[in-house]
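Q: Now for the letters of each chain:
2 protein chains.
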Amino acid sequence: MDVEATEPNTEAWSDITPDAARRLVIAAVEAFAERGYHATTTRDIAGRAGMSPAALYIHYKTKEQLLYQISSVGHQRSLALLRQAAESGGTPADRLGTAVRSFVRWHAEYHTTGRVVQYELGALGPEHHTEIVELRRRSEAVMRSIIEDGVRSGDFDVLDVSGTTLAVLSLCIDVARWFNPAGRRTPDEIGELYADLVLRMVRPV
Amino acid sequence: MDVEATEPNTEAWSDITPDAARRLVIAAVEAFAERGYHATTTRDIAGRAGMSPAALYIHYKTKEQLLYQISSVGHQRSLALLRQAAESGGTPADRLGTAVRSFVRWHAEYHTTGRVVQYELGALGPEHHTEIVELRRRSEAVMRSIIEDGVRSGDFDVLDVSGTTLAVLSLCIDVARWFNPAGRRTPDEIGELYADLVLRMVRPV
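Chains as they are written, first to last, in UniProt numbering: chain W, 1 to 205; chain B, 1 to 205.
Chain W with its partners taken away, still in its complex shape (with noise of 0.2 angstroms):
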């Protein structure tokens, strides 16, 4: 896979303590996104991370254990940053402009664990599966409730609701794949542009 560069920064992962685990967690994002998940090894890890195989066995038991934390932290902040732009007030447009910029702005920034947490959600293990796909449904919820909102004021004419709703969070999350920090475009460029397009897809005729 193509990495253009690492994450920016390590907000995303300022939660997960100890340092060690924090350091290990962004390890395996690394590594996971340069080789993919099944080519990296724990040992890859640990070594990426400075420390050895039995230190990173203290943190955490198995490579999936990391996968899952990484898609945990992932998809709880993505919900986070949805539900509080469908309780920031306003019109529902402006409720549905501040997701679509919010959540575009995350997927830009942190292309490197947005492709990680998409591509690899197949090598989770069953129970941690069935958790992370709780957690989308519910970041669905929280955007269908936003546009639903626009339907029924009479802001929005959409045709098929779950469709839209669908759609504009596949548009919002492939940015993480092509998203490229040495291109033209800033992640809040972006975030505005797609604010844009996703309220011409549902403003009425």
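Do not take every clue at face value.
If you want a taste of the chain W side facing chain B, the calculated C-beta under 8 angstroms gives, among others [stated by the list, open to error]:
no., residue
1, K61
2, A80
3, Y119
4, A167
5, L193
The set of hints was computed from the structure by calculation and includes no laboratory data. Beta carbons are placed, not taken as given, at the ideal position from N, Cα and C, and that holds for glycine.
Take the given structure of chain W and dock chain B to it, following the hints.
A: Same frame as chain W, now just chain B:
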């Protein structure tokens, strides 16, 4: 990675001859989708195709050549579909709708191939990478030309033509990530929904 089902048929690879080379390509797509490029060996691929590593070597000298063949066929097919839509006549809206419908349908039907092509772009050798990037630039240019036609004729109202082109392609490509053949929408239905959403993105107020 989550591979719900193998491709419904092998139409995408019908131009690859002889038979043995085609079988190897199909086996490689499945193996790369399941385990990632870096975790797959040419021995795995030969085994899946019911062939010996020596027999594989007659057709493909390296694993990267297989990835290149997959990526090349996929990108050429995408470009051909978009060109066909651009030359299909009718209004710019007709052509944009046709482009989105056929591009979406391809990414839904060949979602396993689509994932491999998109996720493993960074694993191509430098020359092959340059060639594939050029094919992507051409696809982008064809989609942009349809949107520009509509802006010129006054049928479309678009603030940022290149940004909108990028968003439209991204929306269609990401279908390969989330499409599930057991899900409730068919490739045709998603194509219809997306054509409507994209035409909404570009319509004048």
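Q: Evaluate each hint against the coordinates.
A: Do the hints match the structure? See the list:
1. K61: Since chain B brings no Cβ nearer than about 21 angstroms to K61(W), farther than 8 angstroms, the hint is violated.
2. A80: violated, 22 angstroms
3. Y119: Status holds, d = 5 angstroms.
4. A167: Constraint on A167(W) satisfied, holds at 6 angstroms.
5. L193: holds, 5 angstroms
When held up to the earlier numbered hints, the structure conflicts with 1 and 2 and fits the remainder.
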